[in-house]
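Q: Note that the protein sequences, when read in sequence, are chains A and B.
For the first sequence, position 114 (counting from the first letter as 1) is numbered 114 according to our numbering, and the numbering increases by one without interruption.
For the second sequence, position 99 (counting from the first letter as 1) is numbered 99 according to our numbering, and the numbering increases by one without interruption.
It is possible that part of the hints are untrue.
[Stated by the list, open to error] In silico PhoX-like pairs for lysine-lysine, Cα to Cα no more than 25 Å straight-line:
(1) Lys341/B x Lys252/A
(2) Lys299/A x Lys252/A
(3) Lys341/B x Lys302/B
(4) Lys252/A x Lys302/B
(5) Lys52/A x Lys3/A
(6) Lys134/B x Lys159/B
[As the list claims (entries may be wrong)] Residues from chain A that keep clear of chain B, each with C-beta distances beyond 10 Å, as calculated:
(7) Asp37
(8) Glu84
(9) Asp171
[Unchecked claim] Beta-carbon label-pair distances, calculated as ranges:
(10) Glu224/A x Phe67/B: 28 to 34 Å
(11) Gly309/B x Pro106/A: 22 to 28 Å
(12) Arg251/A x Arg280/B: 32 to 38 Å
(13) Ala168/A x Arg321/B: 40 to 46 Å
(14) Lys134/B x Pro300/A: 52 to 58 Å
(15) Gly294/A x Gln156/B: 40 to 46 Å
(16) Arg100/B x Ile296/A: 55 to 61 Å
(17) Lys11/B x Glu41/A: 47 to 53 Å
(18) Glu215/A x Arg37/B: 57 to 63 Å
It is worth saying that the hints were derived from the structure and are not from the lab.
In this text, a Cβ means the ideal position worked out from N, Cα and C, and glycines have one as well.
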Amino acid sequence: MAKIRCALIGSGNIGTDLIYKLKRSEVLEPVWMVGIDPASEGLARASELGLKTTAAGVDGLLPHVIEDGVQIAFDATSAYVHAENSRKLNALGVMMIDLTPAAIGPLCVPPVNLRAHMDRVEMNVNMISCAGQATIPIVHAVSRIQSVEYAEIIASLSSRSVGPGTRANLDEFTYTTSDAICRVGGARRGKALAIINPADPPMIMRNTIYCLTDEAPDEARITESILAMIREVQSYVPGYRLVNGPVFHERKVSVFMEVAGLGDYLPRYAGNLDIMTAAATRTAEMFAQELLAGRIELKPLETA
Amino acid sequence: MSADQSLKGRKVVLHDMCLRDGMHAKREQIGVEQMVRVASALDAAGVPLIQVTHGAGLGGNSLQHGFALHSNEDYLRAVCPRMKQAKVSVLLIPGLGTMRELQSAHDCGARSVTIATHCTEADTAPQHIAFARKLGMDTVGFLMMAHLNTPEGLAQQGKQMESYGAQTLYITDSAGYMLPADVRARVAALRAVLDPDTGIGFHGHHNLGMGIANSIAAIEEGASRIDGSVAGLGAGAGNTPLEVFAAVCERMGIETGVDLFRLMDVAEDIIVPMMDHMVRVDRESLTLGFAGVYSTFLLHAKRAAGRYGVPARDILVELGRRKMIGGQEDMIEDTAMTLAKERGLLQGVA
């Protein structure tokens, strides 16, 4: 069966984990990995797994995009270089899945709004952050039942699973995730907190979601909605699990989640890595299925 | 360095925590007028540096950490212009507070900032430290839960923060777990790697009653800035009680520049009457110090205990065993619920 050919930009934890996710896909095929450090472990790993590699950044990929038929690119570099990467690849008709906090395209949480982005054939969608992917489905599960005045999420990540890019840019992580809690999750105000915990053995990613509803929460309907949403996320992240809650206290709904990864590149504790790459893969697969069926077409974007 | 070496003539800057760490002990419920009253009294007593914010610092207002009566900006705008000699500092924990909030605090008059990370995660602070320096603020790097890292590990983390621009590095005993020998080893390791111009500070909690002894140990190894709070108003069993520490310094000939009797009056006449509960070493706060748990978890654990019928001490010990760190207050209710389920006191939905 034909597959849509993909490029991975960024050879850190996220880019490397994506190789494994894409290799398992029935509709996606990773063909290129782009880095900037010839000595990086990610590039070596990609090469071993049969991908073409370049250490010359996106410019090293551009001459090969057409001849290798690359149609989808995943950007796991940093917010600062994403816009330029996206402009160059969109101009060649490559659709971008942005895993940086740049968020120049619309924000995507697959079970909430992926279908809408695909119907509009968006050429750049942003995956927000690992915390966003793990928590916004729950915020949405509450806000689709009744209005949420304020939602707050706390993501605890194991130290070993957090790469230098995220560490050096925690503010961007906070801003992008807070914004997405409102724009995608449906809360009127949002706040995101991140904790990096160095415990050894490493702790599995934990996420706590608090929602303040305007009126007293309808406990039965909200619980049912949350459980249904968890099942939906589990379809692409099997280790997404409710630990405690939902707890109802006055207008506050609290949900305590855990995300165990599949253990592809980093061990299972790094659920944060897994949920991000799994959501990105899910997004790309949906576009790929439509492309393969001839229902959508990607066109080069003219840029000013 | 021998403990009997004379510290006579050493200069130490006292940094009061009543209006920041003390916010934890007050469940963030200190009003603006009360803040101005406390800060003015500390200023008049000659305390050179006073921290003012939500207990969790900039960005702290949240369901996770509680909502203070007022915004950090309201507190700072009220306090800063009234200070005659004291400088006002704020706390910023990356992952919670952001540079936007630091800019705003600076606009309101804060001139010193404590940028705090867990003791192994200094590399989450480079942008905040650099930004603080750009604003011209007195910039402190603060390594929390320092008992969870080795002296060598802390030295390396401190050196990293220094490279981002931090001018003073703190060993922070957030759990009140350390003993004087632990403090000595950590401060000495830091002193050995930092530039001579970079200062060292110590922030203690009194959960094992060691706040003063630990602070003196830090000074012996080269610390020149000590955090404490008048009457110990702070998380857990409180911070190093500042008026007691000032008295010890005076006896030892350490120069702090504060007026001891005035500080004693602030403790007795203003701070103690403010306390909702006696901040002291009790069963739960002693558990924090003994098990190495973040001091701020105290009141949260007591609340969860009341709600789920699991003793606070059991919750705290379990949090220590699971190596939970500052900022993970959500895991207190979560842990209480998990313990309650194990004990047949609670049923799950899933």
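Q: Taking the hints in turn, state whether each one holds.
A: Hints, verified against the model:
Between Lys341/B and Lys252/A, the direct Cα distance comes to roughly 21 Å. Compliance with the 25 Å bound is thereby established for this hinted pair. Under the criterion of a C-alpha separation no larger than 25 Å, the hint pairing Lys299/A with Lys252/A is inconsistent with the structure, at around 46 Å. With a CA separation close to 18 Å, the supplied pair Lys341/B and Lys302/B stays within the 25 Å bound. Only pairs whose Cα atoms come within 25 Å are accepted, and Lys252/A paired with Lys302/B is accepted, the gap being roughly 19 Å.
Distance restraint check for Lys52/A and Lys3/A: the Cα-Cα separation of roughly 17 Å lies within the 25 Å cut-off, and the hinted pair is therefore satisfied. For the hint pairing Lys134/B with Lys159/B, the CA-to-CA distance comes to about 19 Å; that is within 25 Å, so the pair holds. For Asp37/A, the shortest C-beta to C-beta distance to chain B comes to about 18 Å, beyond the 10 Å cut-off, and the non-interface label holds. The Cβ of Glu84/A sits about 21 Å from the closest Cβ of chain B, beyond the 10 Å cut-off, so the non-interface label holds.
Under the 10 Å C-beta cut-off, the non-interface status given to Asp171/A relative to chain B is violated; the minimum distance is some 5 Å. At about 30 Å, the CB distance of Glu224/A to Phe67/B agrees with the hint of 28 to 34 Å. At roughly 46 Å, the beta carbons of Gly309/B and Pro106/A sit outside the given window of 22 to 28 Å. Separation of Arg251/A from Arg280/B is about 35 Å and conforms to the stated range, judged on CB atoms against 32 to 38 Å.
As the Cβ distance of Ala168/A to Arg321/B is approximately 32 Å, the hint placing it in 40 to 46 Å is violated. The hinted window of 52 to 58 Å between Lys134/B and Pro300/A is violated, with their beta carbons roughly 41 Å apart. Checking the proposed 40 to 46 Å range against Gly294/A and Gln156/B shows it is violated: the Cβ atoms sit about 57 Å from each other. At about 39 Å, the beta-carbon gap between Arg100/B and Ile296/A misses the expected band of 55 to 61 Å.
The hinted window of 47 to 53 Å between Lys11/B and Glu41/A holds, with their beta carbons roughly 49 Å apart. For Glu215/A paired with Arg37/B, a C-beta distance near 40 Å fails the hint of 57 to 63 Å.
Going down the numbered hints, you'll see the structure goes against 2, 9, 11, 13, 14, 15, 16, 18, while the others check out.
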